[in-house]
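**Student:** Given next are the chains, with one letter for each unit.
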Amino acid sequence: MDKTATNAFYVIEVDHETKLPKGITLTVLTGRKGDTIVKGGRIVGGDHVAFHFEYTISNYEKVEAPEIPAAARKLLASR
Amino acid sequence: MTRRTVLSIATAALLVSWGGAAVAGPPAGSKRPAAGKVFRQVWRNFKKAKSYEVSVKIEGGISGTPDHAIKTRTVNENYSGEVYGSLMHHPAMPRAFRTPKSGAIFTGTGWKNILADRQGVRLDRLFSFPQTLFDRAGRYVRFAEWVESASGSEEEKPAEIKLVGDEKEADEEKAAGKEKGRTVVKSSGKKEDVDLPRFIRIETPPKEALKHFIEVENSGCMSVG
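Line by line, the protein sequences give chains A and B.
Offset between the first sequence (1-based) and this note's numbering: plus 223.
Offset between the second sequence (1-based) and this note's numbering: plus 4.
Calculated from the structure, these hints are not laboratory results.
Hints are supplied without guarantee of correctness; some may be wrong.
As the list claims (entries may be wrong) - Partial list, computed: chain A residues near chain B (C-beta under 7 angstroms):
#: 1; residue: Ile235
#: 2; residue: Lys242
#: 3; residue: Val251
#: 4; residue: His275
#: 5; residue: Ser281
#: 6; residue: Tyr283
#: 7; residue: Glu290
#: 8; residue: Ile291
#: 9; residue: Ala295
Claimed, not checked - Covered stretches of chain A (in silico footprint by chain B; criterion: 3 or more residues with CB under 8 angstroms from a CB of chain B, positions within the stretch not fixed):
#: 10; region: 225-231
#: 11; region: 263-273
Ideal Cβ placement from N, Cα and C applies to all residues, glycine included.
Model the full structure from these sequences, guided by the hints.
**Tutor:** What follows is the structure, encoded as structure tokens:
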């Protein structure tokens, strides 16, 4: 891998009616030596490593407080 | 040479080579609000949300195209959770509870620290709290720009200004806009509608990009390169 060519960007999907996000995608890219085309610091083609984290957010204010078992609660408070 | 030194050199090289500085803001003469301004509003509203559901689809591997679509897949994971305040509950197997600082996972024999379980480590490192992502993206709001698609790879297009008056035409345009992935928003008190894209792209500087990549490596999910 060629970590001198590493890019990351977020793409946020906006619900213009509620002014809340419907989703957020994080894309992380890194080059491969001799394979990747980079222009102006951006990976634009050629073989490269890519990771996409695509989050979808929904049902605002519809989730109820979960019941946490005592053992789990203890672990959550332990750090 | 230590790993840290190598990373520092790589980061410095990235900072020197990085020329990408997508400037936020509408094209000259446009009524379109700046992407950064809209992001800030959305971010602020999101912080106020007490609860929501979230799912994440993670795909990783080798791409060979400018849109970074995966052609050789090595990672394909899906997780979901319910956020209530600072707590995320994963009701599906493996059942887990997380806060941004700690976590507990049910392994079958009982509750364990999330980082004491291989599946838990993967979940915790790959599935970020959306609020954390927004906070990290918000540091680079000056690079926010409108884009036309979820891939974020298309170039920004000039704003299209529409005059209000013909309701039928406005409805038709609204319907057409939805098909194209665009939303027509009425500006209160103004005499025009601004045809806004639904997507805002925020590019991070190379140092942050490298940090993200190292986090992916540390999740243990990579088997490529």
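**Student:** With a Cβ-Cβ cutoff of 8 angstroms, does the region 225-231 of chain A contain at least three residues near chain B?
**Tutor:** Holds: 6 residues of the region 225-231 of chain A have a Cβ under 8 angstroms from chain B.
**Student:** Does A:Val251 hold up as a contact with chain B if the rule is Cβ-Cβ below 7 angstroms?
**Tutor:** holds (5 angstroms)
**Student:** Can you take a look at whether the region 263-273 of chain A is actually covered by chain B? Rule is 3+ residues, C-beta closer than 8 angstroms.
**Tutor:** Held - the region 263-273 of chain A has 11 residues with a Cβ nearer than 8 angstroms to chain B, which meets the minimum of three.
**Student:** Is the hint on A:His275 kept, meaning its closest Cβ partner in chain B is under 7 angstroms away?
**Tutor:** holds (5 angstroms)
**Student:** Does the nearest C-beta of chain B fall within a distance shorter than 7 angstroms of the C-beta of A:Ser281?
**Tutor:** holds (5 angstroms)
**Student:** Tell me if the interface restraint on A:Ile291 is satisfied: Cβ within less than 7 angstroms of some Cβ in chain B.
**Tutor:** holds (6 angstroms)
**Student:** Is the interface hint for A:Lys242 satisfied, with its Cβ closer than 7 angstroms to some Cβ of chain B?
**Tutor:** holds (5 angstroms)
**Student:** A closest beta-carbon separation below 7 angstroms is what the hint needs, so does A:Ala295 meet it against chain B?
**Tutor:** holds (4 angstroms)
**Student:** Given A:Ile235 was flagged as interface, is its beta-carbon under 7 angstroms from a beta-carbon of chain B?
**Tutor:** holds (5 angstroms)
**Student:** Using 7 angstroms as the Cβ threshold, decide whether A:Tyr283 counts as touching chain B.
**Tutor:** holds (5 angstroms)
**Student:** When the nearest CB of chain B is found for A:Glu290, is that gap smaller than 7 angstroms?
**Tutor:** violated (9 angstroms)
This entry does not satisfy hint 7, going by the numbered hints stated previously; all others are met.
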